[in-house]
Structures are given as structure tokens and as C-alpha cells.
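2 protein chains.
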Amino acid sequence: MHQYHTPKKSWINIDSNSDFSLANLPYGVFSIPGTNPRVGVAVGQHILDLAALFNLGFFADLGLDKNPFASHNLNEFMALGRPVWTKTRQGLLNLLDAQNPELSQKTEIHPQVLIPQADAQMLMPVQVPNYTDFYSSQEHATNVGKMFRPDGEPLLPNWKHIPVGYHGRASSILVSGTPIRRPWGQLLPPDANTPVFAPCRLLDFELEMAFVVGKPNPLGDPISVNHAEDHMFGMVIFNDWSARDIQKWEYVPLGPFLAKNFASSISPWVVTLDALQPFRCPAPQQDLEPLPYLKESDRHTFDINLSVSILPQNGEEGQVCQSNFKYLYWTMAQQLAHHTVNGCNTQVGDMYASGTISGKEQSSFGSMLELSWKGSRKVTLPGGQERTFIQDGDTVIMRAFALKDGLRIGFGEVRSIVLPAHPKNA
Amino acid sequence: MHQYHTPKKSWINIDSNSDFSLANLPYGVFSIPGTNPRVGVAVGQHILDLAALFNLGFFADLGLDKNPFASHNLNEFMALGRPVWTKTRQGLLNLLDAQNPELSQKTEIHPQVLIPQADAQMLMPVQVPNYTDFYSSQEHATNVGKMFRPDGEPLLPNWKHIPVGYHGRASSILVSGTPIRRPWGQLLPPDANTPVFAPCRLLDFELEMAFVVGKPNPLGDPISVNHAEDHMFGMVIFNDWSARDIQKWEYVPLGPFLAKNFASSISPWVVTLDALQPFRCPAPQQDLEPLPYLKESDRHTFDINLSVSILPQNGEEGQVCQSNFKYLYWTMAQQLAHHTVNGCNTQVGDMYASGTISGKEQSSFGSMLELSWKGSRKVTLPGGQERTFIQDGDTVIMRAFALKDGLRIGFGEVRSIVLPAHPKNA
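In order, the protein sequence lines correspond to chains A and B. Counting from 1, one number per residue, gives the positions in the first sequence under the numbering used here. Counting from 1, one number per residue, gives the positions in the second sequence under the numbering used here.
Bound-form chain A, shown alone (with noise of 0.2 angstroms):
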């Protein structure tokens, strides 16, 4: 990775404790009311509007003829590789500077590039064309496997040796703020053993991150483990809003398909691995060792600190559940080198989630199912208000940041209202 000289202090006001540090810089697509959505970096309160930068001459050394922030997403900024994000990167360090002149003293161009974010709404800032969906938490997975198989061994015997994955629906991840619809579908009551069709009753988040990839490979070209982390662009929170009672009636043998694709939300501003390398952690040590193909030569992930809360309608919120990405069993390198092995090629945009990230406690589990231990223990809010899993009104949001010596990198929230399912006859 790139060393960037980053500046003791910016002439924009950061708040200490701000997600949005001088050091961390995310990408992320914002409109405004009667203009077109384009590409910002979060600085502390505000938002710089690269387009807007780009058309008054700031990013010419990076020698393009054609604005990639005049943009609806990020696909076209990151297919153009990682010698540009270095550069825009260090552009931008040193553009924030408060030692640089350049943009600090044009006070006439700050209301057109310093735009508030209260002032914006957020968007989805990639367009996807794949996404998928892991399952690399030993402790979720034992979690699940204790409750649904609890005559057999927790974890399954391919799990210790794949990072186990699916593909999920690409269509309906949608972006913080998004509501979500109680979906409607096929479950199986107790004691039945004929479906009904009813609006879900088991509604659940799980707590996830996802990397997005920014540097393709052809197909039949594998990506190394060793050099999967330079095909990744950044990270975002991901909620993978399941749906249990469907999911437990369709899921044999294909998997989980309509209980997981009406939805799933991501945090809306993408944190760069760039960002991200003060927090480089040790990987947890793998008590099988992997085939040649996942062995990574110098294994870490990152330290990044996870919470999911619940706003209940007219209440309070309160957390529920505290985790960290470094938990998970399966790195995001063996992730990815895993799911090219055989071949498969990845596209600018690409998404690829974590699977429930729990740890071993029990306040860190990252779903609803294992809180309340598939229903059979209430979970207490602060005013009082119990919860198995998510009723109606609810709003969830996970929060994530990394924090070091006092240096802190944040992702900011994804927060999705949860409405009732739509009135209609079955």
C-alpha cells in the first residue's frame, strides 16, 4: 500500500470525535435539491464535492479529459485503478492541509465545493453488479448450527475448510435511510405441514461488512490470496436483512433466496482500505490448516468496532449488540481468493459481505436469532420494551469505526425504518 503524507491539522473544522477524520476520507454519492448526484468525500461535518472540484481544474494532474465524480455512482472513479485513487487520495490530503493555501484562502468557491451534509441526501454509491454474501463468523455459524441441529455437530464439515459463501440478490441492496417493507411469503406455521402465505413473522437484521471490489479479474484468471487486498476498493456496513420463517421453509437445498432478497442496506460513504491500514489487526488463528490456495503469507484483518441499536417507534434506543470485525474465521483475502479459484471473474462494484459477524459473548452476537436465542429470551430495551425480533416502527442501525492512539476512522450508520408489510389479499 501507498504511504500518504497525511497533515497534522485541516483549515475545516473536525470534530475529535467525528467518523470523518482528516485521515479517512470516504467516497460516497450525495444530491441536492434540483441537482444532479455526484461524488463527495466526507470531512467532519461537510461534504467536498469532487465534481465540483474537478471542474474548477483541482485534480489535473490526474490527467483526465472526462469528470469521473460527474457521476451517479463510484464504478467509473474506481475502474480508473488504484495509481488514481492514490493520487486523488493524496490530492485531497493535501488540498485539506491547513498549512496549503490553495483551497483554504479561495473562500468564494467554498460554498460550491464545502457543501453541509445536512444539507444532502445520500445515495447508493455503487452500482452492483454482483453481490455476495459469506458466512465467515465461526461463532454465528456454531450459533445456528446449535440451534437448528442440535443433535449433530454445530459446525458442518466443509466449514473449516471454505469460507462458505452464496450469491445473493444484487437488485434490492439499497442505501442507509431506505425503509424497509415486511415482506410477504411462504412460512410453515408450528405443528403445520402446509404453508401459509403470510407477512413474515421472524424479521432479523444481521450484523455484516462488505468490501467492495474496484479492480476486476478476467475470467479464468484467480486472484492470488496474497494480492486479493489490491483488488479491493473500500468497505461499507451491510445489514442483511433476513427473513427466518421463510428462510427456514425455502432454504432446502438451494438456499436462502426470498427470505434475504427483499432487502439489504449498506452504509452510505466507503471507507478505502487506504483509510483503513492503521488498523491492520492479527487474523484469528486457523485451527485447521487451509488448503495451499487460502494460506496467506502475512494474515491480518482489521480492528474495527461494531454496534447495532433499536429505535422503537415513540421510544428510546438502545444497543444490542456490540462485535468487531476482527472476529471473523475467514479473512476478506481468502474471501476473495476463494471465489476466483475456479475461475469466476469479479466486476468493478462488486460486493462481497461478511456473513453475521458474532463474537463468543453473547451481547456480540450480530443477529436477533442469536440475542434471543431463536425466540426463547427477550431482548430488553431502555424504555422497557422487549423485542424476540423486529417489529414494525422499528428503526435499526449499525454503527461501525476503528479507533487507535487516538486516530479514529468512522462508517458513519446504516439506519432503515422497518414498515409494516403491504395490505393485500393473500
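Misleading hints may appear alongside valid ones.
[As the list claims (entries may be wrong)] Computed Cβ-Cβ distance ranges for the label pairs, DEER-style: (1) B/282 - A/314: 31 to 39 angstroms; (2) B/362 - A/297: 24 to 32 angstroms; (3) A/33 - B/292: 36 to 44 angstroms; (4) A/198 - B/119: 51 to 59 angstroms; (5) B/191 - A/392: 46 to 54 angstroms; (6) A/278 - B/201: 21 to 29 angstroms; (7) B/150 - A/420: 51 to 59 angstroms; (8) B/362 - A/149: 34 to 42 angstroms; (9) B/119 - A/149: 57 to 65 angstroms; (10) B/201 - A/35: 41 to 49 angstroms; (11) A/35 - B/118: 48 to 56 angstroms; (12) B/419 - A/292: 18 to 26 angstroms; (13) A/392 - B/292: 18 to 26 angstroms; (14) B/150 - A/193: 40 to 48 angstroms.
If you are wondering where the hints come from, they were derived from the structure by calculation, not from laboratory data. Keep in mind it's a predicted model, so treat the numbers as computed, not measured. Backbone N, C-alpha and C fix where the C-beta goes; we use that ideal spot for every residue, glycine too.
We have chain A already, so just place chain B on it with the hints.
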């Protein structure tokens, strides 16, 4: 569906047993060396170049400023909606009418607009945002159940209630003619309990067809079973390549993944639902009443003859299977209604494959897994060669056509040679 006026005869010579009769007019994307890919229609042994015709003013009645046929795929044309599809089809039928001098007499432009298929390369006709594979043949699902769960009921309890399906990989759908590499992957050798990393030993085809969505539905707005066909633009032959040994080891609990996503192959010509109307026929009676959202007021399917042949390297082509699309238990309308009943949105170009289409007779089984009954019986080819699964150098050819009262509408073929696995270190 619109009633078209189809002329009796064209001024273009069309062989009476051509797949590409005057009543077919399937859409594809082609290029000839040194020119851009563009949209054409197959007529006999020729391609009518729609991009060139548009530029010459032949589609003025569509009222379009931009040429939707000067495109690398059909998505732009499909997105214009059914009124434009209908006008285009009727316009083409008129232009091709032997009685109509409009184009037939302008012989000076024929070289420009009428390309011999032999001179053109066919490309991926559609940019596929989302791909789903169903499992809708009762005979196939029963065969698989008998082989893999010999002691249980062959069909799982949900199968007659749900058109079972799963999300597949869109990025690796390839057009006919693209060679397929035998994939590497994790396999569990017989009697072993630790996997090895090796080239797939049990490579298989799956005989399927797929429909392409031309009219999408927005998130939250299900497509009703009785309006589902309005959303379908056309159909292709679909070879769902499968690595049986990789599949067996990886697929629990989340479904097939690397066993499928190295490649799927499609025929290059998209045959419209308009063209297929004469071949509507009853769909199999369902012995379990489906839930109301899957109940069709006019249940039907299409009578389409299917076949698979294997051409060994330096050998003679031999047909190994003959089946029919009409055997499927779940119809395309039921598949699409089910897929969207939870609010899942579709997008223009989405591809929905049927699952392996097997019939009752052994000769109609749509995969080598079934034809060789898990490798236990050999399939003999004309030159005397025997197969249980697909070998390196084999070309697999799938063909499809509908035939009724002398009217023939064909899909052409999907043809792919299998190359040896990449030599590399495991």
C-alpha cells in the same frame, strides 16, 4: 399479446427448415471485424442490421432520437417497453414482406443491412444485472433426490409448494462459442474426510432455458402471476455448467456456489415471447393446489423441443438427450410471481433460468448426472466412445426449436468446447 400481420413469404430466401423463419425474428448482438457491436435480427442465413436500418430512417415511426440498436446489448431497446417492441416487430414483418418494395427494391443498400451470419461474430445479447436459477422440473428434482437421499422421499416437502430457486452468478454468463475451462476447486475424494484442491472430475452440463425480463418491477411491487408474461421479453437456451464434485462438498447449508459460477452458456439469439405464441400449450397439472399467488387463470407453457449432443475431439457428434420445455412443473409465470412476491425488484436484462429440464424417459434426462445415474452407467456416443461426465475436448451442443403445422421457430444452438483445467500449482 398483440396480433401481428405476418406475411406469407419474404423476399429474403429462407430455407423451410431454418430456425430463423419469417415468424421468428429473434434479436441478437453481433459484430464484424473492424466495426462496433450492434443489434440485429436473424432471418434465414442472414442478419438484418437494425442499427444500420435505423440510421437509414427505416424506424422513423418509433419516434426515437437515439438509435437503440447501435448498442452493445439489447437492454436499451428492451427498456423502451412493449409498445416499441410491438412496433419494431410489425415494422420488420412489413419490411421483409415479399410484396413490399420498400427495402427489397433498394438493392444498393442490401450489402449494408443484410449480413451473412457466416461473416458475423455473435456476442452476449444482454447485459445481465441479476441471474436466478430455478429447479422447476419434477423429474429432475426427483432424480437428484433418489440419487442423493436414497432412503428418504425423493422430493423435499417444500418442492410442490415453492418454485425453488437460488441466485446465480451474472458475471460469468457467456455467449455460445466461448470455450469453458474445467474449473479447479475443493473436492472430497471418495472415502476421504479431508478435501483436496484439484481440477473438477465430474464436469456436467444442465439443459435449461431462460427468460429475459424486459419490463422491470420496482422494489415492493410484486408481479402478479397472471401478468408475469408481460414482463418477459424473450427466451434463450441456457447451459448451466456444473462441477458435481465441487458442488457436493460445498453446497451445505447455503447452496451451490463455485460449482456453478465458473460459467453458464447461452444461445446468442433471444426469441421473443411474441414469436412463441403459436406454441402455447397446457402446462402439467399440479397435483397440489398452489397458494393463491401462484394460481394461474390461464395456465400454460410452450412446446419447445430440446436436445443435447456431445461432439468429442476428433470424434462424431452424438445426441445424448431429447427433452421438452413443456415438461416443467412450474411455469415461467409462477417463477416470476414467486420471485417478486416479497417485493424483490427486477431489472431490464435479468435472466431467469428454468433448472434442468428432464422428462420421464431416461433419454430425456437433462444432465450427465442423471443420464449416467451418478456415473454408474455409461452413455455411448456414435463413434463408440463412452461418457459418464464431460471430458476435456468435448463440445456440448444444445438445440431448441418449436414446430407446429409447418411453422418452425428455432433458437439455434449453444455450443461450447471444454478446455483442460489450467496447469498450475495447487
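**Q.** Verdict for residue 282 of chain B, residue 314 of chain A (Cβ pair) under range 31 to 39 angstroms
**A.** 54 angstroms, violated
Q. Is the hinted range of 46 to 54 angstroms satisfied by the C-beta distance from residue 191 of chain B to residue 392 of chain A?
A. Cβ of residue 191 of chain B to Cβ of residue 392 of chain A: about 53 angstroms, so the range 46 to 54 angstroms holds.
Q | Range agreement (Cβ of residue 119 of chain B with Cβ of residue 198 of chain A, hint 51 to 59 angstroms) | A | Roughly 57 angstroms apart at Cβ, these two residues keep to the hinted range, so it holds.
Q: Can you let me know if the beta-carbon spacing of residue 201 of chain B and residue 35 of chain A is within 41 to 49 angstroms?
A: For residue 35 of chain A against residue 201 of chain B, whose Cβ atoms are near 57 angstroms apart, the range 41 to 49 angstroms is violated.
Q. Lying within 40 to 48 angstroms: is that true of the beta-carbon distance residue 150 of chain B to residue 193 of chain A?
A. Since residue 150 of chain B and residue 193 of chain A have Cβ atoms about 23 angstroms apart, the given range 40 to 48 angstroms is violated.
(Q) Please check whether residue 35 of chain A and residue 118 of chain B have a Cβ separation lying inside 48 to 56 angstroms. (A) 51 angstroms, holds
**Q.** Distance restraint evaluation - residue 278 of chain A, residue 201 of chain B, Cβ atoms, bounds 21 to 29 angstroms
**A.** This hint is violated: roughly 46 angstroms between Cβ atoms.
(Q) Range first: 57 to 65 angstroms. Now tell me if the beta carbons of residue 119 of chain B and residue 149 of chain A are that far apart. (A) 59 angstroms, holds
Q: For residue 150 of chain B and residue 420 of chain A, compare the CB-CB distance with the range 51 to 59 angstroms and indicate the outcome.
A: At 46 angstroms between Cβs, range violated.
Q) Holds or violated: 18 to 26 angstroms for the Cβ distance of residue 392 of chain A and residue 292 of chain B? A) 24 angstroms, holds
**Q.** residue 292 of chain A and residue 419 of chain B - C-beta distance against the hinted 18 to 26 angstroms
**A.** 23 angstroms, holds
Q) Is the gap between the beta carbons of residue 362 of chain B and residue 297 of chain A within 24 to 32 angstroms? A) 51 angstroms, violated
Against the hints set out earlier in the document, violations occur for numbers 1, 2, 6, 7, 10, 14.
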